[in-house]
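With these hints in hand, go ahead and build the complete structure from the sequences.
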Amino acid sequence: MAIVSRESLYSFFETGDIPTQEEFADLIDSYVHQVEDGVYVYRPDSAIKRFGIGVAEPTSRLGIAAEGAAEKLISLYTSGGINKWSVDLNPATGENNTGLNFSQETADGSISRLFIKESTGNIGVGTLNPRQKLHVEDNNPSSLTGVKVLNTATVANNGWSIGHVDDPDSSRNGGLSFQSDLDNAMERLLITGSGNIGVNEPDPQTKLHVSLPASDPNSIIALDENTGIVNVGPITGSVVFDAQGIQAREGEYIGDTLSLTTSSLHLQRLGGDIIIHGDDAIGSNRKTVITDSGSIGVGTLSPSEKLEVNGALRVGNTSTLNQGTIRWSGADFEGFDGTVWKSFTSTDAAWAEGAKGEIYHESTTSKVIIGSSSDSGGGALRAESMGETKEDSYSVLVRNSEKNISGVTKVRASLVIQNDTDWGDGSSKDIGFLVSKVNGNSTSPSNNFAAILNGNTLIGGIEDVEGSPIGEGGTHVLAIQRGMAPKVASDLGAVQLYVSEKEGVPSLFVMDAKGGVISLAKQKAMSPAMSDPVTTTYDEKTAKIIDNMRDRINQLEDILQSIGFLDK
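Sequential numbering of the sequence shown, starting at 0, is according to numbering that gives the first Met the number 0.
Don't read these hints as lab results, they were simulated from the structure.
A quick note: this is a predicted structure, and the numbers were derived from the prediction, not measured.
The list that follows gives simulated cross-link-like pairs (lysine to any residue, SDA-like), each with its CA atoms no further than 25 Å apart: (1) Lys132 with Ile190; (2) Lys543 with Ala528; (3) Lys513 with Pro485; (4) Lys305 with Trp327; (5) Lys147 with Phe177; (6) Lys501 with Pro485; (7) Lys132 with Gly158.
Derived DEER-like restraints, expressed as beta-carbon distance ranges: (8) Phe177 with Gly37: 44 to 54 Å; (9) Thr344 with Ser303: 23 to 33 Å; (10) Ser141 with Ser109: 24 to 34 Å; (11) Asn172 with Ser109: 27 to 37 Å; (12) Thr105 with Gly37: 27 to 37 Å; (13) Gly15 with Gly37: 29 to 39 Å; (14) Thr290 with Asn172: 45 to 55 Å; (15) Ser78 with Thr144: 26 to 36 Å; (16) Asn230 with Thr290: 24 to 34 Å; (17) Ser328 with Leu300: 32 to 42 Å; (18) Leu99 with Asn225: 45 to 55 Å.
Positions of the beta carbon are idealized from the N, C-alpha and C atoms, including for glycine.
Below, the structure written as structure tokens:
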């Protein structure tokens, strides 16, 4: 029995021939038997024919049953009979990794080139264990394992490659690379394994590192289209960055030409502080802030005014005539009042307003004259009221600050006069405060005063020895602080008032020029007056004299008690 050609089979059944048993066997062996050979022609109905290999009733036009541990389906051969490709369903035998696999048959064995995993539907190119819907894998030392994308309708370049990098440089190794022009690959974007992104930067050192060669003209910000490395916003209104700085630009297209100009650069456009050198490790004296309220602090983060500089402030020269401007002319500090530049330090008339008679500084004598055209009469400071005197007017008004500073226990004085002269001459007179005379009203009595001390008037210290302010709660009080008794003032021809102790109570004393002292101190009450009638021992005239003396003494006691010299 043998498989013979169709021509031989035809000769067995020529007219008049009777085929032998062997010829019938050759006929049967030369064709496929559906049952024994497992090759079926299946007809679900008269109009449909399906072919099955190992499948008696295929559900498609061709049905193939796999065989063997690898679940082989198809082997594809060259015209020379060499098996090149295979299709199977279980390429990783024994690992239960079933799916549709296309393998290349090589001298080293079967190598999977495309695999669709049955359990997940993931597609593996170069791998039998795809972990994503498309998993591309290759062992490509010091190069790129990736995917190429090419639109053959364009000749701009040879397409793009997106892939996983193997590189001796550890910072690049394992990165995801985007490269253009694969014949002369140029990397445009790299995402390293550490998460750094480089745009035209092969070794990004930060989370976003954008770079271009210094020789590339597009790396320079200019008022030209396509300049700057990074552009944020539409080209007609954007912020541009390069290694030299940041620039805000705006413009419009005139035909095909874009005309750009500079525009305002907004920082913290919606508010909030702007801090320069904001790191906590940097001291406040090195910081600059523009606060949310619009104040500027240099060397401080808490400016109390619109501009506060913690350090020196240097100004330069200017020729602009803006009112309120301060400048350094090169020789002097000056301020412009809207009409003229005024010197702050001039030796001629630092405070003059064009002429004497207002505020004038005489440099040769170091005098300041206010309200007078004359500097005669001596004194470093002279103030006069030259105009018509109004009601409740003052030549000089000295006031302490009206600001209430809580918790301050120090003495605050509106005017302090101190004479430190020591001439060493007994006939000289050092006067701290002098009102020589007050001219004007000549009516009698005169209403002119040398000094008016409103409220409580204190001569001596601020507090008495017990610590309570003298005259506390009073309205018009003259208080003299106790101290040491004065010396006899006979050589001065003066009468002196002082306070000293009398029976443990501070009392007022008056000393005349000869040293005689009168005490103004309240005394104890006198003994009760006698009310018994004068006896008849005296004659009528004497009795009347005694009664009169008694009445006068009682009257004197009443007077002394009324003025406070005696207790009642």
